[in-house]
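S.K.: So the sequences go chain by chain: U and S. To convert, note that position 125 of the first sequence is 125 in this note's numbering; the numbers rise steadily by one, no gaps. To convert, note that position 289 of the second sequence is 289 in this note's numbering; the numbers rise steadily by one, no gaps.
There may be inaccurate statements among the hints.
As the list claims (entries may be wrong) - Partial chain S-side listing against chain U, Cβ under 8 Å, derived: (1) SER98; (2) GLY127; (3) PRO131; (4) SER255; (5) GLU257; (6) SER406.
Hints were generated in silico from the structure; no laboratory data involved. A quick note: this is a predicted structure, and the numbers were derived from the prediction, not measured. Idealized CB from N, CA, C, for every residue including glycine.
Here is how the chains run, residue by residue.
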Amino acid sequence: MSTPAPAAARASAAAPQRRPRRQSRYLFLLPALVFLALFSVYPLVQLVRMSLSDVTASTLNTAWPFIGLENFQQGLASGQTGDALTRTAVFVLVVTVVGMVLGLAGAIALRTRGRWSNVLLAVMVFAWALPPVVNGSVWKFLFADAGLLNVAARAVGLTDTALPFLYDQYWALGAVAFVNSWAVIPFNALVFRAALLNIEPEVFEAAALDGASRWQEVRHIMVPSVRPTMLVLLVLTIVYGFRSFDFIYVMTYGGPGTATNTLPFLGYLQAFSRFDFGLGASTSVVAVLVVLVLAVLYARSISKEEKE
Amino acid sequence: MRNSAQNRSTRHVAVIGAAAATALVLAACGGGDTEPGATADGGATADGAGGDGTVTVWHYFSADNQVKLMDDYAAKFEETHEGVTVENVYVPYDQMNSKVISAAGQETGPDIVVFNGAEWSTLALAGALAPMEEQWDGFADADQFPDSVIHGMDDHVYAVQGYVNLLGLWYNAEILEEIGVEPPTSIEELEAAMAAATEAGYQGITLSGLPQSQGEWQAYPWLTSQGFDYSDLDEQALTDGFAMVRGWVEDGYLSQEATTWDQTVPFQEFTAGDVAFAANGNWQMGTAEADAGFEYGVVPLPVGETGKVYLGGEGQSIGAFSDDPDLAWEYLTETYFDTDGQLLAVENVGSIPSRLDASQEPAVTDNALLEPFATTLAENGANYPDPVVPPENVADLQTAMGQAWSAALGGQRSPEDAAADVIAQIQGLIG
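Start from the sequences and build out the full structure, keeping to the hints where you can.
M.R.: Written out as structure tokens, the structure is:
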């Protein structure tokens, strides 16, 4: 009986101190909220407003005439939005699978702390931090007929003619998706590695005593321990793949023809090449909606899983 | 455990919520709400434009000789205007229009815009160009300029071209000599020469198949050579045009890689020395002189009687929000619209002067490389864009045709399908 009293006393004594601390916490949140409202919420509202209006080069700088869902209907009726959605799905699939699998593989390979591991990580961060325009241009050179990859492929007898990395309709989508994946691998590897470093060394020692193979360590220790990280990273990687624009702009400009026109690039073409800003905004809104649906689905599935 | 699971769950949902918020912002940015490349460089410069003795000139030139011309113009103007500075600002080709339009929305922008002349209507409709009919009407030399280089609508003059650019057929004289053929004068001769060059281990031709306006510009002569015309949308003629050039890809004369090249890259391929021909412009004259380590020449594009070659070139305008339009006008009259200024463009870039008097100067008439372009201009020259295309639909049509050209060259669509698709699209644009 004597225990509750001091506990209650502690609680009541601590309460007056905690409350202001909690309130002051929200003050720290304020700058971020203002920033988010200014640079995220406001542009989004404008985007939706633009998608429902007839905005062209001649009306951009005047009042925007409201036209309801006409832009959306036009995009769907032309078939361009549907085609772009399919290409985006393929693109996202490649980016996600390659980015996640190789990211995890990289993290496993670089799991231990050490000089070379750190050097390699630094190089990876450098590659990740390079502007996509630079990355894309370098890869465009590498993929060219006279580029390193084709020269190497010919040297080892893999092919007699050049591999059409960027100018065959199927290869081009795959090649640009691959470069997008390549650029996200370092980030994913870093996040996975942070999760792997949280595993106690004793766990591996115990597994070694039980005679676990390296593969069994990966399968039964590492993968389960990075699972929560994996789910969050999956959403981020899907979103990253979904917003792909810069690599396509630099490497293929959506071509050959329309073979690499994903939703963001289609939106760019409509808004900044054809100067139909309303139509471009409607394509972007479709992209936002798809990402929203994905995010909600993942949030629900994780929530359900945790409850079980 | 339950609490812990709930906490984890809450954390995950929160993180995913943050991810979703990030997604929204990023997707919005990617889609077109934000201008690619932002307006940082151009916008910052534009803020300091005009009124302070600075003439800010936005251009999209990156080739050395073109940049030198801009520097020469700046020096020429500064020499006669003490205390005045000309600031040349590079804006990537693909971003020029959107940056100019966006700047106009913020009531700012450059003093002078040098842009793809065919796209004057896009900028004028957006209110980004200052009408300059008053200055033009008072310009003593206005009668030296043909109507085809003066652009405007509703009784306003919005842009004038200081020169004309067009395509010709560049050839590597050493390769032609080796394979024993003369520079071609017809498509049949061109195809025979390309076949011989390919047989000898060279590439036949380079051109641009990029799915945008540069592709449309390069496609036009070949498509019209087969009878296609925007004023008479003949699907079979267009199919024939696509099929002819796709055939060059299949026969190994032209690399399918052309679908990733703008107009600069194919000329670099040509100057490297392993290609017999390049369909490229007179503006490459300086690049050829600097980079080609072989004998070369130019002949008119062999496009037959029906074939037409666009008369392009950059338009020059005063920005709608120039702080000092009078100084901007003086800059134009002393550089792009001036006889000596136009001869500087001939010397540096190989452009064809738009002034009648400048075009009669020896620098033009005695230049063997310019002569084939002048011949093309006289015999096959066509207004760019085609006058049947309404000003507000020019950009749309260029994108549609550029994509079809690229799709046919890259094998994404058969020539028949590419032609049928694009005709259906441009019928609505031309009306």
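S.K.: For every hint, state whether the structure bears it out.
M.R.: Hint-by-hint comparison with the structure:
1. SER98: 4 Å, holds
2. GLY127: This hint holds: S:GLY127 lies near chain U, its Cβ roughly 6 Å from the closest one there, short of 8 Å.
3. PRO131: 15 Å, violated
4. SER255: For S:SER255, the interface hint holds, since the closest Cβ of chain U sits about 6 Å away, which is under 8 Å.
5. GLU257: 5 Å, holds
6. SER406: For S:SER406, the interface hint holds, since the closest Cβ of chain U sits about 5 Å away, which is under 8 Å.
Violation of the numbered hints given earlier is confined to hint 3; every other hint is satisfied by the structure.
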